[in-house]
Amino acid sequence: MGRYEGNPVWDDVVPIPQEEGEGALAQIAYTDEYVEAMGYLRAVMAAKEHSPRVLDLTEHVISLNAAHYTVWLYRASTILALDIPIDKELEWMNEVALENQKNYQIWTHRQTLIDHIFPTLSSDPAAAQAFADAESAFMAEMFEEDAKNYHVWGHRQYIVRKFNLFDSDAELKSIEALLHEDVRNNSAWSHRFFLVFSNPAYTTAGSRATEHDPKIPDAMIDRELAFAQAAAHEAPQNQSAWEYIRGVLRKGGRELATLEGFAGEFVRIPEGGEEDIRSSHALDFLADAWSEKGELDKADMALRLLGEKYDRIRKNYWDWKRGLLRGAKV
Amino acid sequence: MSTTTLPQPSVPALFTSPPPIQDTLNTQTSLLQSSTIQQCLPYLLNTAIPRTTPVNVHGVPHLTREKHIAFLHKTLSSLPSGYVGYDASRPWMFYWAFAALSVLGEHDAVVGYRERLVATVRPMQHPEGGFGGGAGQMAHLAPTYAVILALAMVGGEEALGLVDRRALWRWLGRLKQADGGFQMAIGGEEDVRGAYCAMVAISLLNLPLDLPRNSPAWSREGDTLLTGLPEWIARCQSFEGGIAERPDSEAHGGYAFCALASLCIMGEPHVILPRYLDIPRLISWLSARQYAPEGGFAGRTNKLVDGCYSHWVGGCWPLVQACLDGPSLYSPGSAPVAPTPSVGSLYSREGLIRYVLCCCQDRSKKGGLRDKPGANSDGYHSCYVLAGLGSAQTKWHFYSLKDLSSNDMSSEPQHAGQLMAGYQWAPEQIVEEGQVFDEVDRVEALDPVFVVPAGVAERTRKWFEVRRF
Ligand SMILES: [Zn+2]
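The listed protein sequences derive, respectively, from chains A and B. Numbered by my numbering, the letters in the first sequence go through residues 1 to 330 in order. Numbered by my numbering, the letters in the second sequence go through residues 1 to 469 in order.
Just so you know, these hints were derived from the structure itself, not from any lab. Just so you know, these numbers come straight off a predicted model, no measurement behind them. Among the hints, a few may not be true.
Said to hold, decoys possible - Keeping only pairs whose Cα atoms sit at most 20 angstroms apart, straight-line, the calculated SDA-like set for lysine to any residue is:
{"no.": "1", "chain 1": "A", "residue 1": "K102", "chain 2": "B", "residue 2": "G82"}
{"no.": "2", "chain 1": "B", "residue 1": "K74", "chain 2": "A", "residue 2": "Q27"}
{"no.": "3", "chain 1": "A", "residue 1": "K309", "chain 2": "B", "residue 2": "P20"}
{"no.": "4", "chain 1": "A", "residue 1": "K315", "chain 2": "B", "residue 2": "G434"}
{"no.": "5", "chain 1": "A", "residue 1": "K162", "chain 2": "B", "residue 2": "G82"}
Said to hold, decoys possible - Distance ranges between label pairs, derived from CB positions:
{"no.": "6", "chain 1": "A", "residue 1": "T258", "chain 2": "B", "residue 2": "H73", "range": "34 to 40 angstroms"}
{"no.": "7", "chain 1": "B", "residue 1": "P123", "chain 2": "A", "residue 2": "E144", "range": "39 to 45 angstroms"}
{"no.": "8", "chain 1": "A", "residue 1": "R326", "chain 2": "B", "residue 2": "L329", "range": "22 to 28 angstroms"}
{"no.": "9", "chain 1": "B", "residue 1": "E428", "chain 2": "A", "residue 2": "T204", "range": "42 to 48 angstroms"}
{"no.": "10", "chain 1": "A", "residue 1": "A29", "chain 2": "B", "residue 2": "P42", "range": "34 to 40 angstroms"}
{"no.": "11", "chain 1": "B", "residue 1": "G156", "chain 2": "A", "residue 2": "A29", "range": "28 to 34 angstroms"}
{"no.": "12", "chain 1": "B", "residue 1": "P20", "chain 2": "A", "residue 2": "Q101", "range": "30 to 36 angstroms"}
{"no.": "13", "chain 1": "A", "residue 1": "A29", "chain 2": "B", "residue 2": "P123", "range": "53 to 59 angstroms"}
{"no.": "14", "chain 1": "A", "residue 1": "W92", "chain 2": "B", "residue 2": "K365", "range": "40 to 46 angstroms"}
As the list claims (entries may be wrong) - A short, non-exhaustive set of chain B residues, derived as facing chain A with CB atoms under 7 angstroms:
{"no.": "15", "residue": "P20"}
{"no.": "16", "residue": "L25"}
{"no.": "17", "residue": "S287"}
{"no.": "18", "residue": "A298"}
{"no.": "19", "residue": "R300"}
{"no.": "20", "residue": "S348"}
C-beta atoms are modelled at their ideal positions from N, C-alpha and C, and glycine is treated no differently.
Working from the sequences, and respecting the hints, build out all of it.
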């Protein structure tokens, strides 16, 4: 007798055993508990049963194997069919997520349920705000475990879009807090870029991340540049900050040369003397700025320094860029 | 002390010393990065463990083939209950093992699994199309991709004939979204993996491109499974130049490969990639994924090296290099000739090969390949580390079937039962003076688009072309 067999609640269900081919590859020696639960799950799925006891069963299976996408999808469809409140579900999911950091399914599940309640939720702004705050608090907890968790960041973007948090001060502040913790957290930089440059209030719909968006106010570009430049001062060899600066300049349609002086602070190349390079990314930035201005010999010198001294693993790449300069010279 | 009976293996300083510029400010990221370097250095210098494998004159250990082969076979045998987390992704185990065994030249062993593979995956096919991770599970694009490629690798009527193409095509229609992308499962997430898995299935099985009427994306006559797809992929390119799982997310090596390979199924690399992506930013980002002294690739900015990116990032390079070079001259049976000038390799093949052979091999009795020293070997890393090694030893030529003099100005991806661009690649072994690996450690490269042994994609596509849909 197991958890289901002989249990009056499950009396009417005949479990369906797993069909497995002759000599099947990579057969898993399941525990008896898993075999039994899966047998009942296959049976309720075959009967398309969506009932409260299905929630117990799927919760049980998920506790044994959280990577089982079918169980998650079936659980979601059951919750939608029963149309029950989802707060308990969210609480339970928080625990599962904290225990399963790399799990994909849980985030899809969460979003399916949020989509489901959103029409009602959004009619009450205070409730919607409280909901979004609770999501942020939960994600903050997840970030304590791993501040670069890709799925959590994906969910964060979903929440920002869904609850239109683009202009939320708290959202921007919490990103700043994460960057204060670790200025090299590239996921946080990425999220900041999304917040600022995908904000429907002042950006062009459909503008790509790598292209100029003329609708973005100059003041916004200035603010973001100042933020990233300060970060680059803190840790000049942090590529995240430099990528961000390039991204902002491009969104603003500004040339790299507008920050030549700034990048130059990290690069001293005296005539005839030994150079002092505090950031290979600054040198890369200057190479592009100089090339943009037509100062091709200087650009070539910067790329040569990168390939021969400061970033040798990428020598082929720097040499290729030097080749492009020579092409431009002709 | 000992005298010089053996020539001292020479490892260039690039791979033995910390980067020349390091910030004074420490954060969690920089501390983890430093400790990873410390973890790798003894392996790069080959001073780590009691040396179980001899090193060559470049200080690079040999590939412990036999151990890896035994390990891979073991991943297909009975697995203990702790593997229950794989219960919904078992087809990946077949794909990873077959692909890795093929890289090691074990083709007969792979084909030898045909009967058992067929018996295993038959109950995994969903009556409404696609494959699940096991019998009775919902269909999902990830196991569907893995099953199709595993069947293609063993080949034959019994294997290829078991796929219900009509049902698969209708199911793909239901996954297709109005914004152009694909969900991984009905009600599941939409991301770049979905695009890639769907494109592989559509092209390899020669499915019709017409959009089934049951699709949530259906809006008008003439819509296809490809409508809006390259545009959707283009929106996944991030400000850094890399590609994210979906629009507005962080650039990531795994998704970058899926995006590039999807586009290279829809069109010729030199035509389609520049049309939809900012190539200079993409190359800058790709290039920044390689680290020294480790030599391997990381998946995102300020993350750590990991052996599996030898494929996810490494596998982007042949596609990007072909994009810059344009088509090679090639006719089957002859050696391909790259156009001049050719960009050659834009990354350090030496660095990647060193990382794979020094850091990613479990040289103990267990065998298999891994993320980095200290991590356990597994089927996934064995597959993608070896795929990266093969790619680093090979130049892939894209060749055009069209008249090379005609200027390709067509503005649409190829349509109507075509999608032939994925089958126009020819491998050439790179043999160089001073290469850091010995010829005994040369492996076979996998197809740059479909990630199966060379020739398998072509053979599979031909098989389906002559069969009624
Ligand atoms: Zn990995």
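* To do: Mind checking the CB of S348 of chain B against every CB in chain A and telling me if the closest is under 7 angstroms?
  => holds (5 angstroms)
* Asked: Range hint 30 to 36 angstroms: satisfied by the CB atoms of P20 of chain B and Q101 of chain A?
  -> Distance hint for P20 of chain B, Q101 of chain A holds at roughly 34 angstroms.
* To do: Determine whether the Cβ-Cβ distance between A29 of chain A and P123 of chain B falls within the hinted range of 53 to 59 angstroms.
  => violated (18 angstroms)
* Taking the CB of R326 of chain A and the CB of L329 of chain B, does the distance hold inside 22 to 28 angstroms? -> Holds: the Cβ-Cβ distance is about 25 angstroms, inside 22 to 28 angstroms.
* Would you check the hint for K162 of chain A and G82 of chain B, treating anything up to 20 angstroms between C-alpha atoms as holding? => violated (38 angstroms)
* Asked: Taken at face value, is the distance from the CA of G82 of chain B to the CA of K102 of chain A at most 20 angstroms?
  -> holds (17 angstroms)
* Asked: Do the Cβ positions of W92 of chain A and K365 of chain B conform to the proposed distance bound of 40 to 46 angstroms?
  -> Holds: the Cβ-Cβ distance is about 42 angstroms, inside 40 to 46 angstroms.
* With chain A as the partner, please determine if S287 of chain B meets the hint condition of a C-beta pair closer than 7 angstroms. => holds (4 angstroms)
* Restraint check, 7 angstroms cut-off on beta carbons, for P20 of chain B near chain A -> With Cβ-Cβ at 6 angstroms, under 7 angstroms, it holds.
* Using the C-beta atoms of E428 of chain B and T204 of chain A, is the stated range 42 to 48 angstroms upheld? -> Because 45 angstroms falls inside the window, the suggested range holds.
* Asked: Is it true that the C-beta distance of G156 of chain B to A29 of chain A lies inside 28 to 34 angstroms, as the hint says?
  -> Given a distance of about 30 angstroms, which is inside 28 to 34 angstroms, the answer is holds.
* **C-beta pair P123 of chain B, E144 of chain A: status relative to the range 39 to 45 angstroms that was hinted** => For P123 of chain B and E144 of chain A the Cβ distance comes to about 43 angstroms; the hint holds.
Of the hints listed earlier, those the structure fails to meet are numbers 5, 6, 13, 18, in rising order.
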